[in-house]
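So the sequence lines, in the order shown, correspond to chains A and B.
Residues in the first sequence are numbered from 1 upward in steps of one, following full-length UniProt numbering.
Residues in the second sequence are numbered from 1 upward in steps of one, following full-length UniProt numbering.
Honestly, the hints are just simulated from the structure, not real lab data.
Ideal Cβ positions, reconstructed from N, Cα and C, are used throughout, including at glycine.
There is no bait here: all hints are sound.
What the simulated footprint calls covered on chain A by chain B, stretch by stretch (three residues with Cβ under 8 Å from a Cβ of chain B suffice, anywhere in the stretch; the number is not a length):
| no. | region |
| --- | --- |
| 1 | 24-38 |
| 2 | 74-87 |
| 3 | 104-116 |
| 4 | 398-411 |
| 5 | 454-461 |
The list that follows gives simulated cross-link-like pairs (lysine-lysine, BS3-like), each with its CA atoms no further than 30 Å apart:
| no. | chain 1 | residue 1 | chain 2 | residue 2 |
| --- | --- | --- | --- | --- |
| 6 | B | K222 | A | K523 |
| 7 | B | K122 | B | K133 |
| 8 | A | K344 | A | K305 |
| 9 | A | K24 | B | K122 |
Here are the chains, one letter per residue:
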Amino acid sequence: MPNKKNYTNGLPDPSELKEEILKKYPRKVAKKRAKAMVVNDPSEGQEIMANVRTIPGIITQRGCTYAGCKGVVLGPTRDIINITHGPIGCGFYSWLTRRNQTKPAEGEDNYMPYAFSTDMQDENIVFGGEQKLKTAIREAFEIFKPSAISIFSTCPVGLIGDDVHAVAREMKAELGINIFGFSCEGYRGVSQSAGHHIANNGIFKHVVGNTDRERTGKFQVNLMGEYNIGGDAFEIERIFEECGITLLSTYSGNSTVESFAYSHTADLNMVMCHRSINYIAEMMEEKYGVPWIKVNFIGAESTAKSLRKLADYFGDDELKAKVEEVIEREMVKVKKVAEEVKPKVEGKLAMMFVGGSRAHHYQDLFNELGIKTVSAGYEFAHRDDYEGREVIPNIKIDADTRNIEDLEVTKDEEHFRDDLVTKKTELEKEGYTFKDYQGMMPEMSKNALVVDDVNHWETEKLIDFYKPDIFCAGIKEKYVVQKYGVPLKQLHSYDYGGPYAAFGGAVNFYKEMERMLATNIWKLVDTPWKHEPEIVGSISIEA
Amino acid sequence: MILRHTTKEVKERSALTVNPAKTCQPIGAMYAALGVHGCLPHSHGSQGCCSYHRSTLTRHYKEPVMASTSSFTEGSSVFGGQANLLQAIDNIFGIYDPDIIAVHSTCLSETIGDDLGQIVGKAKDDGKIPEGKHVVQASTPSYVGSHVTGYANMVEAFIKYFSFNTNEKIRQVNLLSGWVEPSDMREIKRITEMMNIKSVLFPDTSDVLDTPMTGKYQMYPKGGTTVDEIVSMGNSMKTVAMGEWCSKKAAIMLDNKCKVPFSLTDIPIGLSATDRFVQALSTAGKVSIPDSISEERGRLVDVITDMHQYLYGKRVALWGDPDTLLPLVEFLVDIDMKPVYIVSGTPGKAFEKRMAEVLGEKVPEAKFKNGPQADMFLMHQWIKEEPVDLLIGNTYGKYISRDEGIPFVRMGFPILDRIGHSYFPTVGYSGAIRILEKMLGVLMDRQDATAPEESFELVM
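This is chain A alone, in the form it adopts within the complex:
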């Protein structure tokens, strides 16, 4: 086991740990896993294996395509009825369990607290479920009068060949509202990531561009890949509002289909979770000429950096001044808390295995407190999320990726923003970067161990080797890790705390780290009598 005190001179080389982990595996498994574990060296362009199938029998963190599709883009969108077409389970498990806050205005629709399912029975599997789906859509329309309905296909639906898209078209014509389906069967693709792509395609095809809207502000933007966990979006929205930036639409925390429909009228797209939503940003640029930049509102420094980048894009002096004013004012509050917390937590070690961006972004918050990330990885990322977007052309397209439709997107002559294209060209000349994501590995320390699709056995070994002070993952990992006496912070749900985004969020996170890292609770694990000599018993009772 490495000695934590030596970490000031750099992280220890975990190559031996990697060998130890691989030793346990059958030969073929070891060969595959070896490529998914990289001893990081940011000075070299290293390659990691990602977005490949999970090995059967290996206890993985991953979920499925349906979970990615229903959970990420439309799950947290409040003004649409999402019908899960399939047996009851999938609809039940995705009922309010991904933590998304939403704030409808008085009288606005919010269907998120409802779970809609066709609850397929064996006769539907044998004779087909299309009729039942049609009836379900009619019943949903009759009772709820929604303005849009979407359908999510589960595993058996794809197998028996129900054509949810045909049903959607027919019902759209019959009921006169927007109805569309997703072929997001759980077996498609290798993880939730496939579901994100399918959801992006569907929403782009059926919603984006449906309505136009008069300009409501001088600077109109969309924020993508922000899921409003613990009120993150509310905090970011507060900052935007103060700076005078109009947030047209968030994809997809505190979001509405109504706002997706006019989101193409924005001047800029900001992408936060690159993995889940870069597709829409890409397609919107092709079709409407709206450029996109990568931002990160996790961490106070990152927030300031992203806000400045946004102000630079618009190049407006008044906006720039306002942004600086907000940053300065907010930073005073942030620094005050950071100074209190940092001495108590500095030098601690963190590990994180979550999602497709959090494992990267949260390292910024930890850095601000002097907490080192010794090992990290994503649950459902692709190589570009690790190595940076420049590797995209080198990524081999395999059969599992081919299963997902790649939309043909063409220029929308009427709405295309030539002015934005010109703006982009000019800014690029000045060195401003668009469509850029550096990825996690270049930003991590040398010798940090990067692991894709981490599994239970590897988690055990990592904990044993690094003895981390804090572990970030999800609910399935939480209590396993805590049994080792290591506190776990859920980054999918924030353990029902938060927000952690932007300046106010950073303050919350620092305080949360103080609670988790400076507490004595974990010292209560051992009994007081563990190290005491045993009391010698006697059979006679002494008076």
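Add chain B to chain A, keeping to what the hints say.
Just chain B, lined up with the frame of chain A:
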């Protein structure tokens, strides 16, 4: 109003389920398998199923829940899942080293027609199952029954695989526990011990899903029914099976395979069901009921009589699983409450018949339904027509509770937002006192919170 779209008027639905009062088979199979010592549940399908089940069970128990998956992709869905399962079995024994792998199917593997028995047979022939290790399988298609059905199927699968009658009768009683909490399993064992009956409780999730914090993680905790115990169930004197939906199948299997007769009782929730359980135990174990048990019963009746005025005539809406709803509703009727609306998504003909018997003349206005479209949306609509004083069910009731301002007691599965269910039993006589305490707690809190100042009382 969070559920502001719920209409008062009940419209007939034949296809759409809204806010289900059930979930799918595999999660039940996973829970049952966790009640076996040294067992790793395995989900034969795509990753999402396993992930969802682990997440839900973890949130309910706040404990590690381990399970593996066959990780289907499109190819396995076309060519069948045999290769995936064979590889999984190999990897699981090599890496995680369980004593038993309990494989259950999903709607995916069922629809493509994977034959688990054949695949597991092949794994055995190919030498992928090490000496002394086991692979048990159950068919649990999600489009049949509910999570309760999956639980029953996995319990039956274990009995079918392990239990043997070697003609050496053992003076012990089999207890099929039904889908209850680890705390309830502990309580059932305590009651049986009080009666001096040697028993095997199966499944048994105590010491599996309520393990102590020691600073060490154990993938296979000390709890769970052992293989030897399950084997020995074939030689027992009698089986007491708790819950028609959860345990009847396994009881019949034991009877057919090993000639162990069974008596089917309710899960001992409330007074009458516990009475019947204790009597069934006494008959099965051929022992008389000790005074200590009668005293526990007496304490329960004492509490009921003391508190009757606060309970009498209160209207209650309930949702959940048939095996827990039936005895619970009977208990409410016993104490003069009025369970007026009851839904259970779990199908089964016996439900309506038995509910009618329990509610019959005492609560003629009661509405109850199970099976398709017997969901929480329907129940909420009934409540909107005429309100109730109390809600009892799983966590998802909190939305109705808040919108309608109705006191709410959490019982059933899943409970995602509170603790206690894994630690404090609701079965047996003392469990019934806890149910009373919970109901009285929320009813009196409501009275305190809403009473005009002049009628706000210190003593109740």
